[in-house]
Amino acid sequence: MNASGKTGPLVEVEDLSVNFVTRESNVRAVNGVTFTMMPGEVLCVLGESGSGKSVTMRALMRLLPPKRSVITGKIRVAGEDVLAMSEAALRRMRGATVSMIFQEPMTAFDPVTRVGDQITEVIRLHRGVNQAAARQRALDLFELVRIPSAQQRLDAYPHELSGGLRQRAMIALALSCEPKLLLADEPTTALDATVQIQVLILLRRLQQELGMSVIFVTHDLGVAAEIADRVAVMYAGRVVESGPVRDVLRSPLHPYTAGLLASTVHDQPPGRDLETIPGAPPDMRNLPPGCSFAPRCSLAGDDCRTTTPPAIEAAPGRIARCLRVHAPEAALV
Amino acid sequence: MDTSTTLAPIDARDRGGPRQPLLIVRNLRKHFPIRSGVLGRVSAHVRAVDGVSFTVMKGETLGIVGESGCGKSTVARLLMRLLKPDGGEHIFDGEAVGEAGGISVAEMRRQVQMVFQDSASSLNPRMPVQGSVAFGPIAFGTPRDRALAQARQLLAKVGLDPVLYGGRYPHELSGGQKQRVNVARALALDPRMVILDEAVSALDKSIEAQVLNLLQALRRELQLTYVFISHDLSVVRWISDRVMVMYLGEVVEIGPSNAIYETPKHPYTRALLASRPALDPDNRRLEAPVSGDPPSPINPPSGCRFHTRCPFAEPVCSARAPALGEGDVMAHLAACHMQDAASGHSKAVREIRH
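Note that the protein sequences, when read in sequence, are chains A and B. Note that our numbering numbers the first sequence so that position 19 is 19, with each residue one more than the last. Note that our numbering numbers the second sequence so that position 89 is 1089, with each residue one more than the last.
Calculated directly from the structure, the hints in this document are not laboratory data. Do not rely on the hints blindly, as some may be mistaken.
Said to hold, decoys possible - Some chain A residues judged to face chain B by a derived CB distance under 7 Å, without partners named:
no., residue
1, ASN26
2, GLY164
3, VAL195
4, GLN198
5, GLY222
6, VAL245
7, THR264
8, PRO270
9, THR276
Claimed, not checked - Computed list of chain B residues with no C-beta within reach of chain A, every gap over 12 Å:
no., residue
10, ARG1126
11, LYS1157
12, LEU1173
13, LEU1189
14, ARG1220
Because the structure is a prediction, the values reported are computed rather than measured. Just so it is clear, CB atoms sit at the ideal spot from N, CA and C, and this is done for glycine as well.
So that you can see chain A by itself, here it is in the shape it has in the complex:
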């Protein structure tokens, strides 16, 4: 590992763009995403479907199909240039430096192999230890993620575990090589309410105990409030706002963030209409010029439809891409 990973940022993403090119169309899924992340931080990437949040995560691990996706920009993780890595270097990075968990753990496990064997295999490959030591480590991991009767559960097939246990087993698998960075793509979205909060609390505790960084992708403001240090709000492939979670949720700068907060149902008085954002997200094959949110924005003027808003640091650590937000003092609510 590079020594700069110690003090400098763990993740640096600069002007990242991802295009999916097919014969019929060119989908501009990510359009110039820039962010940095310090070691030990929890960053929530918040956005609706099609906002580019999952594609950004997959680009960080180079999991996108190489023939159909065109990636431009810079990605540095732990000081290394991810876009320049060879296949062998990628294999070393995946799992050991960066690891990922997904919404549906069933797709992350081989359905015909016992979960314990799958974790043991990963540990032996990456660590070069013998079977007994790897098995012991797998058991420790199951205990770390609080799987009850861990010894028996190692011998279970994925379908024999409940949704919550399967998600815990996937977290154990992801942590098996002590990654510096965990990418979590909606890992609690498919879980029941009483199980979701258990997994969120577990992830928060593991993050603190192991001191790892987490990028948590979600569409749920409540989940972000539970787990994030900082939030990056994505819309149409761009980060439209980022900042500390408290500030973003309490006094959003970007009209999209404000609209999202207002339209999320949370103890609004029944019998009165909910506030809504009119319209629908843009077609990513055919993005409008200027600010992508302008067609739905009540504050939009002609300038918004022609100029792509630059990133403005409205307050220390708070960035917004909106022509109506000015540096440094004016905050738009």
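Starting from the known structure of chain A, arrange chain B on it as the hints suggest.
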């Protein structure tokens, strides 16, 4: 509940009058057999719905909440008779459904419509959406031209310009637009009751609020009665007059929306409410209210089905199943031994409270 404000003009189809509940369900049961082995013998049953009773008044919205496997979607399918119940009474506006002297299933389905979670799979991909909306009325004998004209009016009513969208196919619409079409299709037969099974759950938050506002506006305008099923407690609170909480095929608590959310009685309801993310980074949940996953409905726990996860469980809870009890429509009831002074639970209420 605002039945008093929605009584206005009486529907010609109304049989029992304003005080007659639109829907009464008593002791509804559905057990799915599990077959195994080469002979396909029934080895066990999934007790999806196990003795569920409730009523829905005319003009009200009953919310049904619960986690996966609690039976809320099976209840919806039983109410539509997409599944045949194994037992129980099902009374629509005073008439027993599918029984001699009662209302036929076909006639009941004209008056009860359903909207599903997956907006794409509930529309015919090879039919323009106005055709899908007109399909029901045509099947029930409305001339084609008139049904299509009505369909276009309905599309306008749900916020889709029929000139622009009527001729489009489902794949040319977004998820929110498709769900609007599904709402229009459900309304095409002029139903009295609409069952919404996770109808907004798959939509993005900014679209979800739009569709919820639409549903409320339609309910007021058309004097509809809703059964609104969702796992999202905040959404259910916003839309419902009364709420029913289900766990492993049973009703654990039912009552007016405010009572359920302000003074929940059942430990499971309290756990569900306390599991909601706080939306406040300074007030994070430090401990999960309950541990583990909901057990399988194949072999549900004995006695109170929640006793395996309940922090207040005592021997009586695994020995005997608590009863929900009975009361009038607005009663706030919970099936918990702690609510029953005679149960023998050490934390039971000392006197019967009203």
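Evaluation of the provided hints:
1. ASN26: violated, 19 Å
2. GLY164: holds, 4 Å
3. VAL195: OK, holds: VAL195 of chain A within 7 Å of chain B, min 6 Å.
4. GLN198: OK, holds: GLN198 of chain A within 7 Å of chain B, min 4 Å.
5. GLY222: Result: holds, 3 Å to nearest chain B Cβ.
6. VAL245: Constraint on VAL245 of chain A satisfied, holds at 5 Å.
7. THR264: Hint holds; THR264 of chain A Cβ to chain B Cβ min 5 Å, cut 7 Å.
8. PRO270: This hint holds: PRO270 of chain A lies near chain B, its Cβ roughly 5 Å from the closest one there, short of 7 Å.
9. THR276: holds, 4 Å
10. ARG1126: holds, 21 Å
11. LYS1157: holds, 16 Å
12. LEU1173: Violated, because the least Cβ-Cβ distance between LEU1173 of chain B and chain A comes to about 10 Å, which does not exceed 12 Å.
13. LEU1189: At about 27 Å from chain A, LEU1189 of chain B clears the 12 Å cut-off, so the statement holds.
14. ARG1220: violated, 10 Å
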